[in-house]
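2 protein chains.
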Amino acid sequence: MTPVPGNRPSDSGEDARVARTRVDVARAALEVLTGEGSEAITHARVAEIAGYSKTTLYTHWPARVDLIIIAIEALGQMPHHERTGDLRADVVGELKVFRKGILDMRLDRVLTGMAQWASEEQMRQVRDKVNTDGQHQMYAMLGELISGAALDAGVSMLTGVVACPSLMFGTVPDDDIIEAAVDIVLTSARSPR
Amino acid sequence: MTPVPGNRPSDSGEDARVARTRVDVARAALEVLTGEGSEAITHARVAEIAGYSKTTLYTHWPARVDLIIIAIEALGQMPHHERTGDLRADVVGELKVFRKGILDMRLDRVLTGMAQWASEEQMRQVRDKVNTDGQHQMYAMLGELISGAALDAGVSMLTGVVACPSLMFGTVPDDDIIEAAVDIVLTSARSPR
Numbered sequence: 001m002t003p004v005p006g007n008r009p010s011d012s013g014e015d016a017r018v019a020r021t022r023v024d025v026a027r028a029a030l031e032v033l034t035g036e037g038s039e040a041i042t043h044a045r046v047a048e049i050a051g052y053s054k055t056t057l058y059t060h061w062p063a064r065v066d067l068i069i070i071a072i073e074a075l076g077q078m079p080h081h082e083r084t085g086d087l088r089a090d091v092v093g094e095l096k097v098f099r100k101g102i103l104d105m106r107l108d109r110v111l112t113g114m115a116q117w118a119s120e121e122q123m124r125q126v127r128d129k130v131n132t133d134g135q136h137q138m139y140a141m142l143g144e145l146i147s148g149a150a151l152d153a154g155v156s157m158l159t160g161v162v163a164c165p166s167l168m169f170g171t172v173p174d175d176d177i178i179e180a181a182v183d184i185v186l187t188s189a190r191s192p193r
Numbered sequence: 001m002t003p004v005p006g007n008r009p010s011d012s013g014e015d016a017r018v019a020r021t022r023v024d025v026a027r028a029a030l031e032v033l034t035g036e037g038s039e040a041i042t043h044a045r046v047a048e049i050a051g052y053s054k055t056t057l058y059t060h061w062p063a064r065v066d067l068i069i070i071a072i073e074a075l076g077q078m079p080h081h082e083r084t085g086d087l088r089a090d091v092v093g094e095l096k097v098f099r100k101g102i103l104d105m106r107l108d109r110v111l112t113g114m115a116q117w118a119s120e121e122q123m124r125q126v127r128d129k130v131n132t133d134g135q136h137q138m139y140a141m142l143g144e145l146i147s148g149a150a151l152d153a154g155v156s157m158l159t160g161v162v163a164c165p166s167l168m169f170g171t172v173p174d175d176d177i178i179e180a181a182v183d184i185v186l187t188s189a190r191s192p193r
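For the protein sequence lines, the chains are Z and A, in the order given. The numbering of the first sequence is our numbering, which starts it at 1 and goes up by one. The numbering of the second sequence is our numbering, which starts it at 1 and goes up by one.
So that you can see chain Z by itself, here it is in the shape it has in the complex (with noise of 0.2 Å):
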C-alpha cells in the first residue's frame, strides 16, 4: 500500500503519541515550577517526574525556558472573585483569591518564572495571556470608577500590593494591608478633582 503522506495511521499515531507527550510533560514541568520553583526546572528532573527520558525532552523543548513555558501553559485560567455588587467587597475579594492562589497555586513561582524570562520573547507572549487573564476583572471593577494613567497606576499598585511582596520577601500581605490599599484606590478615586 503506498503511504499517503500526512493520512496513514502511522502518521495520526504518532501525533496522538506527541500531544500525549507534551500534555504529560507540561504537567510534570508545572508540578516542579510550583511544588520547587523554576531553579529546579532542568530537562533531568522534569523527565524524571513525567517518565519520559531526557532524550525525548530534548528533542522537543530544547531549552529550559521551553519546559517553564509549557509549564505556564499548561496552568489554565487564572481564578477570580465572584462579583457581588458592593465595588469595595469585591476589589477586596479579588485581592484575596489572589493571595489565595500564591499560597495554594504558588503563583509566586510562577511569577518568578516568567521574571528570570522575561527578556524571551516566547516567555513575554505567555506572560501577556497570564497578565491579561489576571488583571481583566480588575481592570474591570476600577474602570467603573478611573481611566487612563490612573486605572493603570490602580490596578498595578493593587496587583503589586499583593505581588510584590510575595516576589520580594517571601510573604503576603494581612488583610488589613489588602483593604488599607484598596480604600487609598477607592478613596482616592471618588475624592473630587
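No lab work stands behind these hints: they were computed from the structure. We put the beta carbon where it would ideally sit given N, CA and C, even for glycine. Don't take every hint at face value.
Stretch by stretch, here's where chain Z covers chain A in the computed footprint (C-beta under 8 Å, at least three residues) [as the list claims (entries may be wrong)]:
{"id": "1", "stretch": "143-152"}
{"id": "2", "stretch": "156-170"}
Partial selection, computed: residues in chain Z whose CB lies under 7 Å from chain A [claimed, not checked]:
{"id": "3", "residue": "A89"}
{"id": "4", "residue": "T112"}
{"id": "5", "residue": "A140"}
{"id": "6", "residue": "G143"}
{"id": "7", "residue": "A150"}
{"id": "8", "residue": "I177"}
{"id": "9", "residue": "A180"}
{"id": "10", "residue": "I184"}
{"id": "11", "residue": "V185"}
With chain Z fixed as given, assemble chain A onto it according to the hints.
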C-alpha cells in the same frame, strides 16, 4: 621560631589574601548578576570573570546562592532622591530614582535573584537589609501623612508600581503612571476620614 596562633605573618597574609579574593569574587558575581541575570551566576562563570579557579570559589562559596548573596552585599547603598520639601515632587522623584536604578544598575535582576532564593535564611537577611535601605526614605515621606496599615500599604503600592512591572513584564512605568500612583496615595492620605 614558635608560631604564635593568630599572630603569624603568614596568617595576616592569608587573611588579606582571603579578603582580596572575597572582594574580587563579589565584584565579579555582581557584574554577572546585573549584566547577565541571576540565571548566569555559576561557579564557572564567576570564576572566569574574577580570574580565580573554580576550586577556590567552591571552597569559600559552596552553593550558587552564596555567590548571589555576596553579589548583593557588594551592591552598596541604594540611591535616593534628594528631598526638596515639596512632598509630591519628592515622592515622584524617589520613584524616578528607583526606576533609574532598575534601568542603570539593573536592580530588577537583583530583585529577581533575591526572589528566586527567597526561602534561604541567609538571603532573607540580605534582602531585608536591601529592602530597609531601599524603602526607608519612602516610609519617612509618607509617614508625614499616614501611619499603620495605610502607611505599609502606601509604601508597598508605590514601590510596587515601579518594581512589579519590571519583575513581571520586564518594563518600567512611564512618568504619567508614576505621577498618577503618587496622586492616588496623596489624595487619599489628605482626604478627610
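For the stretch 156-170 of chain A, does the count of residues with a C-beta closer than 8 Å to a C-beta of chain Z reach 3? This one holds; 13 residues, not fewer than the three required, reach chain Z with a Cβ under 8 Å.
Mind checking the CB of A140 of chain Z against every CB in chain A and telling me if the closest is under 7 Å? violated, 18 Å
Please verify that hint: G143 of chain Z, Cβ, nearest Cβ of chain A, below 7 Å or not. violated, 14 Å
Grab the minimum C-beta distance from V185 of chain Z to chain A and call the hint holds if it beats 7 Å, violated otherwise. With a minimum Cβ separation of about 6 Å from chain A (threshold 7 Å), the hint on V185 of chain Z holds.
Does the nearest C-beta of chain A fall within a distance shorter than 7 Å of the C-beta of A89 of chain Z? violated, 17 Å
Does A150 of chain Z meet its interface restraint, that is, does its C-beta lie within less than 7 Å of any C-beta in chain A? With a minimum Cβ separation of about 5 Å from chain A (threshold 7 Å), the hint on A150 of chain Z holds.
Assertion that chain Z covers the stretch 143-152 of chain A - criterion: three or more residues, beta-carbon distance below 8 Å: holds (count 4)
Holds or violated: the hint that I177 of chain Z contacts chain A, with Cβ atoms closer than 7 Å. holds, 5 Å
Would you check whether I184 of chain Z satisfies its interface hint, that is, whether its CB is within less than 7 Å of any CB in chain A? holds, 4 Å
Hint validity - A180 of chain Z Cβ closer than 7 Å to any chain A Cβ: holds, 4 Å
Taking the least C-beta to C-beta distance, is T112 of chain Z closer than 7 Å to chain A? T112 of chain Z check passes; min Cβ-Cβ to chain A is 5 Å, inside 7 Å.
When the structure is compared with the earlier hints, violations turn up for hints 3, 5, 6 and for no others.
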